[in-house]
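A.B. asks: The primary structure of each chain is shown beneath.
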Amino acid sequence: EAGVAQSPRYKIIEKRQSVAFWCNPISGHATLYWYQQILGQGPKLLIQFQNNGVVDDSQLPKDRFSAERLKGVDSTLKIQPAKLEDSAVYLCASSLVRGSYYEQYFGPGTRLTVT
Amino acid sequence: AQSVTQLGSHVSVSEGALVLLRCNYSSSVPPYLFWYVQYPNQGLQLLLKYTTGATLVKGINGFEAEFKKSETSFHLTKPSAHMSDAAEYFCAVSDQGTSYGKLTFGQGTILTVHP
Chain A
1 EAGVAQSPRY KIIEKRQSVA FWCNPISGHA TLYWYQQILG QGPKLLIQFQ NNGVVDDSQL
61 PKDRFSAERL KGVDSTLKIQ PAKLEDSAVY LCASSLVRGS YYEQYFGPGT RLTVT
Chain B
116 AQSVTQLGSH VSVSEGALVL LRCNYSSSVP PYLFWYVQYP NQGLQLLLKY TTGATLVKGI
176 NGFEAEFKKS ETSFHLTKPS AHMSDAAEYF CAVSDQGTSY GKLTFGQGTI LTVHP
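These protein sequence lines are chains A and B, in that order. For the first sequence, the positions run 1 to 115 when my numbering is used. For the second sequence, the positions run 116 to 230 when my numbering is used.
Just so you know, these hints were derived from the structure itself, not from any lab. Predicted, not measured: the structure shown is a model, and the values here were computed from it. Among these hints, one or two may not hold up.
Claimed, not checked - Just a few of them, taken from the derived set where beta-carbon distance is under 8 Å, the chain A residues facing chain B:
1. I38
2. L39
3. P43
4. S95
5. Q104
Stated by the list, open to error - Per the computed footprint, the stretches of chain A lying under chain B, defined by three or more beta-carbons under 8 Å from a beta-carbon of chain B, are:
6. 44-55
7. 71-79
Ideal Cβ placement from N, Cα and C applies to all residues, glycine included.
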């Protein structure tokens with residue numbers, strides 16, 4: 001079974017530029033998550049989709065970040081304009097419901113450096 | 116609200132020694148608890164999980180963890196460390212409610228294994 005795919009793996013941009021990340025979840029996984037992992041910290045949830053609807057975006061900086069999940073499959077996360085503090089690894093995960101809990105599978109992440 | 120505290124951002128052990136990584140959580144509802152491992156430039160891989168039932172759970176690569184409700188702890192152990200265990204480890208919690216598996220992570224513990 002193919003895992004969660006993310007692209008690009010690395011991206012370097014200057015502040016105030018825009019950037020987009022792409023995620024392809026595991027086939028059949030209805031729930032998709034975007035996490036931000038700043039160096040030295042644990043991942044923090046940015047946004048969560050159930051099929052193509054948003055169920056939690058409480059920690060998404062909506063003035064500069066946006067995300068969508070078309071047709072309940074692939075997802076893109078966009079930052080416009082980027083700030084220095086956005087330098088981080090952006091992890092995408094998708095989950096399968098196993099009984100009463102959700103087992104998340106993570107992609108390799110996109111490392112963003114903002115200069 | 117949920118939170119996770121991992122005691123010790125860095126743990127160093129000798130090969131063959133006991134590994135003990137500490138995790139304490141806070142949750143207002145019965146939690147689901149997870150340990151993930153992250154190797155350099157890779158995504159997170161699930162080591163083990165506690166959902167219901169037996170409080171001592173076994174995972175991959177010889178790791179195990181015990182859920183202690185009275186101590187709100189879920190410490191990760193391995194009897195004998197191997198060089199390949201060197202990585203960063205994250206403890207995470209989710210609730211059994213309607214959060215669609217949202218994970219709250221600790222800040223991580225970097226495990227170094229010396230020959």
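A.B. asks: Each of the hints needs a verdict: does it hold here or not?
C.D. replies: Hints, verified against the model:
no.: 1; hint: I38; result: violated (10 Å)
no.: 2; hint: L39; result: violated (10 Å)
no.: 3; hint: P43; result: holds (5 Å)
no.: 4; hint: S95; result: holds (5 Å)
no.: 5; hint: Q104; result: holds (6 Å)
no.: 6; hint: 44-55; result: holds (count 5)
no.: 7; hint: 71-79; result: violated (count 0)
In this structure, the earlier hints numbered 1, 2, 7 are contradicted, and the remaining ones agree with it.
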